[in-house]
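Hints are included, so try docking the two chains, each in its own frame, into the full complex.
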Amino acid sequence: GEDVEQSLFLSVREGDSSVINCTYTDSSSTYLYWYKQEPGAGLQLLTYIFSNMDMKQDQRLTVLLNKKDKHLSLRIADTQTGDSAIYFCAEMEKGGKLIFGAGTRLAVHP
Amino acid sequence: GAVVSQHPSRVICKSGTSVKIECRSLDFQATTMFWYRQFPKQSLMLMATSNEGSKATYEQGVEKDKFLINHASLTLSTLTVTSAHPEDSSFYICSAGGPPLEQYFGPGTRLTVT
Chain L
47 GEDVEQSLFL
57 SVREGDSSVI
67 NCTYTDSSST
77 YLYWYKQEPG
87 AGLQLLTYIF
97 SNMDMKQDQR
107 LTVLLNKKDK
117 HLSLRIADTQ
127 TGDSAIYFCA
137 EMEKGGKLIF
147 GAGTRLAVHP
Chain W
1388 GAVVSQHPSR
1398 VICKSGTSVK
1408 IECRSLDFQA
1418 TTMFWYRQFP
1428 KQSLMLMATS
1438 NEGSKATYEQ
1448 GVEKDKFLIN
1458 HASLTLSTLT
1468 VTSAHPEDSS
1478 FYICSAGGPP
1488 LEQYFGPGTR
1498 LTVT
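Protein chains in written order, with this note's numbering: chain L, 47 to 156; chain W, 1388 to 1501.
Keep in mind that the hints were calculated from the coordinates and are not lab data.
Be careful, since some hints might not be right.
Computed cross-link-like contacts, DSS-like style, restricted to lysine-lysine with a CA-CA straight-line distance of at most 30 Å [what the hints assert, rightly or not]:
#1 L/K140 / L/K116
#2 L/K143 / W/K1407
#3 L/K113 / W/K1407
#4 L/K140 / W/K1401
Just the calculated beta-carbon pair ranges, DEER-fashion [said to hold, decoys possible]:
#5 L/N112 / W/Q1447: 27 to 35 Å
#6 L/T69 / W/S1396: 45 to 53 Å
#7 L/A153 / W/P1395: 47 to 55 Å
#8 W/H1394 / L/E51: 30 to 38 Å
#9 L/M101 / W/L1488: 13 to 21 Å
Backbone N, C-alpha and C define an ideal beta-carbon position, used for all residues, glycine too.
Chain W on its own, in the form it takes in the complex (with noise of 0.2 Å):
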């Protein structure tokens, strides 16, 4: 079946910094990404949409200007946290694809600001 990688798995980083996550699909190509974010014991939510070649769409309460999001190709799409704070650790999930039925999800980065 259709795979979805994400590196790093796991990521600690400083507060202030800035930390990219990837997201690959490996044995397809997927105009649409999607990235969630999941905090301990509660839902995944979605954060924004991404298709490739062009700008995401983010979900109402996301800033876009914090979590950059860049699908330049149809294989790799990245999250790139600015000036992260410990209220930003979470576990970042993406899926790529599109309908639910065809859509993949990837093993998630577990991000520790500290």
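The shape of chain L in the complex, shown without the other chains (with noise of 0.2 Å):
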């Protein structure tokens, strides 16, 4: 079936830029997403990009995509301790169903 890989953990100081990877198989994904989950609360959409996009600006955030070596980043500019989470990235599989990643649990210091 499909998979969707990204890091367990990132730990990066208040102010720097944080860069979450995720690496997905399906090629005909139209769609990628990345989730924010903070404690007790659900997942939210943070951000998404069409599959024939390979960036994707908005405000603090950049999604990059590599669509030949399948490759998406989540690049959080100027991270604040708000930012600390675990983010998710998926992908859509035909049938609209969503492949999630194992989430990456950002951790920011000061």
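Next up, the structure:
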């Protein structure tokens, strides 16, 4: 079946940029997503990118897509303590099913 | 924004008993709700898709007689884990809505079977 992989943990200093990476296997994915999960809360859709784009910027968030390598990244500029959370990468399979990665826990320290 | 709640947030039960988890869309109606399961350090895996007023569609490998899903109203879906065993211990997450851009997730329920 399809697979999405991401590293499990990332630690950054407050004010630095964070880059969370993800690889996926389904080359036919039309949409790729980034979700954020804070403790005790549901997954929140942060941003998404169409497969025919290679970059999308939304305020502090920049999504880069390398379709050839099936690699997706999320860059958070000027990372703040409020950005500490688990970030999930997901691809949409044919039929609309979401395939998630295991999530990357982002820890922001002073 | 749209809010989805789950109840309970944590539950501990004894092996062999059944546990019911509720998923509610609080400020919108959802004809479709999804149930996911997440083991520690692993991905969310879709278990089933439930549509209001009809039978749920289960993913391959998910036992429909063990994980009973009921979606009796446009704001409530329930997942009942029957005859629970320790290997059913997991984090269960629901979402409500349709396409991913309109899908809202609950906070999850941690089930521990002793």
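Hints versus structure:
no.	hint	verdict
1	L/K140 / L/K116	holds, 16 Å
2	L/K143 / W/K1407	holds, 24 Å
3	L/K113 / W/K1407	violated, 42 Å
4	L/K140 / W/K1401	violated, 39 Å
5	L/N112 / W/Q1447: 27 to 35 Å	holds, 30 Å
6	L/T69 / W/S1396: 45 to 53 Å	violated, 32 Å
7	L/A153 / W/P1395: 47 to 55 Å	violated, 28 Å
8	W/H1394 / L/E51: 30 to 38 Å	holds, 32 Å
9	L/M101 / W/L1488: 13 to 21 Å	holds, 19 Å
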